[in-house]
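Participant: Listed below, chain by chain, are the residues.
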Amino acid sequence: MEFIAPSLNYAQLAPMLIVLAGALIGVLIEAFAPRASRFSSQLFITLFALVASLAALFQVRNQSSVDAAMGSVAFDGAGVLFQASILIIAVLAVFLIADQENFTALAASVPGSDEEREAVQADLRVTEVFPLTLFAVAGMLLFPVASDLITLFVALEMLSLPLYLMAGLSRRRRLMSQEAALKYFLLGAFASAFFLLGIAYLFGYSGSITLAGIQESVVGGAGNDVFLLLGVAFISVGLLFKVGAVPFHAWSPDVYQGAPTAITGFMAAATKVAAFGAILRIFYVSFANAEWQWRPAMVIIAIITMVFGSVVAITQRDVKRMMAYSSIAHAGFLLAGVIALSKSGLEASIFYLFAYGVATVGAFGIVTLVRDSAGEVGDLNRWSGLGKRSPLLASAFAFFLLAFAGIPLTSGFIGKFSIFSAAYESGSTSILIAGVLSSAIAAFFYIRVIVLMFFKDSVEDGTSVIIPSALTTITITVSSVLTLILGIYPAPLIDFIATTATFIR
Amino acid sequence: MNALTTMMLLPILGSLLIAVIPSDQVLRIKQAALAVTLLVAVTGVLTWFNFDSADTAFQFVQSVEWIPSFGINYAVGVDGLSLVLILMSVLLTPIVVLAGWNESEGGRWSAKVFYILILVLETMMIGVFAATDVFLFYVIFEAMLIPVYFLIGGYGSGDRAAAAVKFLLYSLFGGLLMLASIIGLYVISGANGGHTFDIAKLSEMHNYMSSTTQNLLFLGFFIAFAIKAPLWPLHTWLPDAASSGTPGTSVLLLGVLDKVGTFGMIRFCLTLFPDASRTFTPVIITLAVISIIYGAFLAIGATDIKRLIAYTSISHFGFITMGIFAMTTQGHSGAMLYMFNHGFSTAALFIVAGWMASRRGSTKIADFGGLQRITPVMAWSFFIAGMSSLALPGLSSFVSEFLVLVGTFTRYPVAAVIATFGIVLAALYILIPVQKALHGPTTPGNENLPDLNIREKIAIAPVMAVIIALGFYPAPLLNVINPTSAHILEVQGFTDPLPSDSAGK
Numbered sequence: 161m162e163f164i165a166p167s168l169n170y171a172q173l174a175p176m177l178i179v180l181a182g183a184l185i186g187v188l189i190e191a192f193a194p195r196a197s198r199f200s201s202q203l204f205i206t207l208f209a210l211v212a213s214l215a216a217l218f219q220v221r222n223q224s225s226v227d228a229a230m231g232s233v234a235f236d237g238a239g240v241l242f243q244a245s246i247l248i249i250a251v252l253a254v255f256l257i258a259d260q261e262n263f264t265a266l267a268a269s270v271p272g273s274d275e276e277r278e279a280v281q282a283d284l285r286v287t288e289v290f291p292l293t294l295f296a297v298a299g300m301l302l303f304p305v306a307s308d309l310i311t312l313f314v315a316l317e318m319l320s321l322p323l324y325l326m327a328g329l330s331r332r333r334r335l336m337s338q339e340a341a342l343k344y345f346l347l348g349a350f351a352s353a354f355f356l357l358g359i360a361y362l363f364g365y366s367g368s369i370t371l372a373g374i375q376e377s378v379v380g381g382a383g384n385d386v387f388l389l390l391g392v393a394f395i396s397v398g399l400l401f402k403v404g405a406v407p408f409h410a411w412s413p414d415v416y417q418g419a420p421t422a423i424t425g426f427m428a429a430a431t432k433v434a435a436f437g438a439i440l441r442i443f444y445v446s447f448a449n450a451e452w453q454w455r456p457a458m459v460i461i462a463i464i465t466m467v468f469g470s471v472v473a474i475t476q477r478d479v480k481r482m483m484a485y486s487s488i489a490h491a492g493f494l495l496a497g498v499i500a501l502s503k504s505g506l507e508a509s510i511f512y513l514f515a516y517g518v519a520t521v522g523a524f525g526i527v528t529l530v531r532d533s534a535g536e537v538g539d540l541n542r543w544s545g546l547g548k549r550s551p552l553l554a555s556a557f558a559f560f561l562l563a564f565a566g567i568p569l570t571s572g573f574i575g576k577f578s579i580f581s582a583a584y585e586s587g588s589t590s591i592l593i594a595g596v597l598s599s600a601i602a603a604f605f606y607i608r609v610i611v612l613m614f615f616k617d618s619v620e621d622g623t624s625v626i627i628p629s630a631l632t633t634i635t636i637t638v639s640s641v642l643t644l645i646l647g648i649y650p651a652p653l654i655d656f657i658a659t660t661a662t663f664i665r
Numbered sequence: 007m008n009a010l011t012t013m014m015l016l017p018i019l020g021s022l023l024i025a026v027i028p029s030d031q032v033l034r035i036k037q038a039a040l041a042v043t044l045l046v047a048v049t050g051v052l053t054w055f056n057f058d059s060a061d062t063a064f065q066f067v068q069s070v071e072w073i074p075s076f077g078i079n080y081a082v083g084v085d086g087l088s089l090v091l092i093l094m095s096v097l098l099t100p101i102v103v104l105a106g107w108n109e110s111e112g113g114r115w116s117a118k119v120f121y122i123l124i125l126v127l128e129t130m131m132i133g134v135f136a137a138t139d140v141f142l143f144y145v146i147f148e149a150m151l152i153p154v155y156f157l158i159g160g161y162g163s164g165d166r167a168a169a170a171v172k173f174l175l176y177s178l179f180g181g182l183l184m185l186a187s188i189i190g191l192y193v194i195s196g197a198n199g200g201h202t203f204d205i206a207k208l209s210e211m212h213n214y215m216s217s218t219t220q221n222l223l224f225l226g227f228f229i230a231f232a233i234k235a236p237l238w239p240l241h242t243w244l245p246d247a248a249s250s251g252t253p254g255t256s257v258l259l260l261g262v263l264d265k266v267g268t269f270g271m272i273r274f275c276l277t278l279f280p281d282a283s284r285t286f287t288p289v290i291i292t293l294a295v296i297s298i299i300y301g302a303f304l305a306i307g308a309t310d311i312k313r314l315i316a317y318t319s320i321s322h323f324g325f326i327t328m329g330i331f332a333m334t335t336q337g338h339s340g341a342m343l344y345m346f347n348h349g350f351s352t353a354a355l356f357i358v359a360g361w362m363a364s365r366r367g368s369t370k371i372a373d374f375g376g377l378q379r380i381t382p383v384m385a386w387s388f389f390i391a392g393m394s395s396l397a398l399p400g401l402s403s404f405v406s407e408f409l410v411l412v413g414t415f416t417r418y419p420v421a422a423v424i425a426t427f428g429i430v431l432a433a434l435y436i437l438i439p440v441q442k443a444l445h446g447p448t449t450p451g452n453e454n455l456p457d458l459n460i461r462e463k464i465a466i467a468p469v470m471a472v473i474i475a476l477g478f479y480p481a482p483l484l485n486v487i488n489p490t491s492a493h494i495l496e497v498q499g500f501t502d503p504l505p506s507d508s509a510g511k
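Residue numbers (the working numbering), protein chains in the order written: chain A, 161 to 665; chain B, 7 to 511.
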């Protein structure tokens, strides 16, 4: 058998390759560099890789091809936008991760053991979180551009495995953190199995594993529709798990709460962009012509997700759990963009993902700063009076909450407006009504936090806002400024998305 | 530069100026706020004189692209209706600042924040009436909730946080329903000539809607405005908010913000959905009559002076709504004039009630007595304001209430007759507190109350002057209002009922 060398378009793959190279260098640093120099070199390598990747992406932003890697990677405008969003969010998140106070001293030590105590005394650092982040980012970059199902699965695992580990690295309440990691891993593995099963059915249906091949079969209508239906259903289970849509959301509150906050922020923002990127690509490219088979179910899931997330968030007493349910509700809003199945739906989704991701990282950045002697304070009741103690940070957090609630003059409003109008334009009146009503419910718990921070007197229990490090300050500042700018003058970004966002078949 | 844009920019620049004044120079801050609001008032009056009342088109128009891909413009312009309301807003703001000179003290935050919020609110009050782009209107409509929320929750009295939240949630709920309708309009405009938010173009869209669609979209707008106005049974937030806010905040809330509701009914409900407006008229007239009578009864039973004024406003807003939906030129002119007059009479009542409350340390009517002898100027001010509120002939409200009733009678005689009882009840709810608080023996605790000082006299004098002058000579306002009301009705084909043969016999 003759061996054919794979032809790769290195320029188009460069963003991913640079991040992977950075990750590998990070592993080498962990292995060979002296402990004292690891943190600074890891941080440098990570940021350098992300920025270089962004620059490489910028070079090829106007290209598009289905042959970036032998038909396994589709490089197109929408892909560029997803990748750029992921990279920007990752940079902001790495600034938060750089504050190592959040992380355990030695991940391998048993909680409460002598080993752990020694590690803390020796002031050890989990610098391995940096290469793990880069591996996850590389997977996320691949996920929304993968154009065959095997690559898609590889990307899914590539982004998930590091996240499972990272979720367990919390410095405090380590058992809870490890429980979260295990839960995430087990449920994630379960979802991956469904995803694989879906691939098998779709292969059985179309005899192809490429998105374009499946689309041809759907248009041709030759295959067995039962296989198609099962394939779409199982693949959706795997993907909806990643975005935390009801009824596949059970992991997210526990993981959001248990994981180190910086990781929660990264996961909440970047994973959502990557996973929705993949969902949008699959449904827009492969299943668009079979919409009668999946759209009704997707509408129901979207509505349940919005309403459930908003309603359950009301009862939450922990800020990270509240954000988890809020992100479930937002997943529901984002599914409206999938259901819209139109160019404006795609554009709206991309804008929404970017705006939501940036605001999420910023909000979690603030959560990392509210602490007492035992670490972060998640209990919302202890956030009361925060506006008195540190008005600037409380105002920024309130601003992010208003953005999540979709109040005008924040990016959240523009996102909400564009995604709902896209959904309604394609005929989903029920989505519009459910979306608006659950927004009203959601406003209730966002505003409750604002009331707590500004209108309640503070409790004297040692809760305080620590002075943020320079990097955390940058993240919070950049996120709030972007949220404001995208709320007041979003036209440049919207126009850029409108000219760029297309899926190549 | 465009007069309206200038008027909107001035308060924003003023708030920046105040932001750089050190917080401890409270007097400087107050003087700056007063100077800025006076400057805006002067600009407003100049605009008034430059307005051509014979021209029914929008004047002082400016349109700049804002988010072109959604067809959104920053578009402003005024007709007689919006000009009158803008004039009212810019005249009331300096009066509020001067009358409530000390009300920023004792709040949760500094005086600086108070005046920044007031000035930001002033910009939005002008913008909300001047916007001729529905999206711009919505953005300001929602965004202006935030300053009011913080004004009530941060500087009010009593259970201010709860009142602020109730106000915000009610308004947000209405706003989100309106958002759904706006999205509906946007999508319909996209299918019929391209996406736009221009009010003139959107006013033709009703030709392309089914009557069900039109009714639903109408309800989205109407419920939002009925919450704002407020109309029974959506009024329950108002007494809490008005009695918890500072007197100045309550003046702006009742005098200006609630007018956005009735303004919106004319500008949006009637103009955009003429057929649906006709369909719902019987229901709305009924609700308006209930509001008139119910608000009056609540006011009669009120023991708290600030709540009493809030209840009288519910009754007055009933009159305004009835005048609007009578769909006669007289009813409309009356309603528009009523909006202006109600602004001033409520301002007078609230300002004087605020002074009474701060002197006596109580808002209970029962705690006052014999003020006529101790504080004659304050008592007379309250008396005149009260007489204006019950529409005594010779004071401004009489003209408007009379026009509303006459305009309604030609089409809905039963409603007009029942509403007339509202006037009788008004005499009760005003004269009872006048008798208890101003007349009779001086009750203990009131012996040493000081009368109005020079600043307070200067603040209340212009309000009294307007109330009396417009009572005798309403022509300057009516000359501007009449062509507009005739034009608005004519454009969408509403006609006055022909005088029947029996008329005059």
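For the record, the hints were derived by calculation from the structure and aren't laboratory data. The C-beta atom is built at its ideal place from N, Cα and C for all residues, glycine as well. A few of these clues could be false.
Simulated pairs of lysine-lysine, DSBU-like, Cα-Cα distance not exceeding 35 Å [as the list claims (entries may be wrong)]:
hint: 1; chain 1: A; residue 1: Lys503; chain 2: A; residue 2: Lys548
hint: 2; chain 1: B; residue 1: Lys463; chain 2: B; residue 2: Lys370
hint: 3; chain 1: A; residue 1: Lys616; chain 2: B; residue 2: Lys370
hint: 4; chain 1: B; residue 1: Lys463; chain 2: B; residue 2: Lys442
hint: 5; chain 1: B; residue 1: Lys172; chain 2: A; residue 2: Lys616
hint: 6; chain 1: B; residue 1: Lys463; chain 2: A; residue 2: Lys503
hint: 7; chain 1: A; residue 1: Lys548; chain 2: B; residue 2: Lys370
hint: 8; chain 1: B; residue 1: Lys370; chain 2: B; residue 2: Lys442
hint: 9; chain 1: B; residue 1: Lys207; chain 2: B; residue 2: Lys463
hint: 10; chain 1: A; residue 1: Lys548; chain 2: B; residue 2: Lys207
hint: 11; chain 1: B; residue 1: Lys370; chain 2: B; residue 2: Lys172
Taking beta-carbon pairs under 7 Å as the criterion, some of the chain A residues facing chain B (in silico) [stated by the list, open to error]:
hint: 12; residue: Tyr324
hint: 13; residue: Ile567
hint: 14; residue: Val596
Participant: Determine for every hint whether it applies to the structure shown.
Facilitator: To see whether the hints hold, each was checked on the structure:
At most 35 Å may separate the alpha-carbon atoms for a hinted pair to count; A:Lys503 and A:Lys548 exceed this at roughly 46 Å. A C-alpha spacing of about 24 Å is found between B:Lys463 and B:Lys370, which places the hinted pair at or below 35 Å, so the restraint holds. Proximity of A:Lys616 to B:Lys370 is assessed by CA-CA distance (about 26 Å); at most 35 Å being required, the pair is judged to hold. Between B:Lys463 and B:Lys442 the CA atoms are separated by roughly 23 Å; this keeps the pair inside 35 Å, and the hint holds.
Our distance criterion of 35 Å between C-alpha atoms is met by B:Lys172 and A:Lys616, whose separation comes to about 16 Å. A threshold of 35 Å between alpha carbons decides the hint, and for B:Lys463 with A:Lys503 the separation of about 62 Å lies outside it, so the pair is violated. Between A:Lys548 and B:Lys370 the alpha-carbon distance is near 32 Å, which keeps this suggested pair within the 35 Å criterion. Straight-line distance between C-alpha atoms of B:Lys370 and B:Lys442 comes to about 11 Å, which keeps the hinted pair within the 35 Å bound.
As the CA atoms of B:Lys207 and B:Lys463 are separated by approximately 48 Å, the hinted pair breaks the 35 Å bound. Using a Cα cut-off of 35 Å, the hinted pair A:Lys548 and B:Lys207 is violated, with the two alpha carbons roughly 48 Å apart. Between B:Lys370 and B:Lys172 the CA atoms are separated by roughly 23 Å; this keeps the pair inside 35 Å, and the hint holds. Annotation: A:Tyr324 was flagged as interfacial toward chain B, and the flag is violated, the nearest CB pair being 38 Å apart, outside 7 Å.
At a threshold of 7 Å, the smallest CB-CB gap from A:Ile567 to chain B is about 6 Å, leaving the interface hint in force. For A:Val596, the shortest C-beta to C-beta distance to chain B is roughly 4 Å, which falls under 7 Å, so the interface hint holds.
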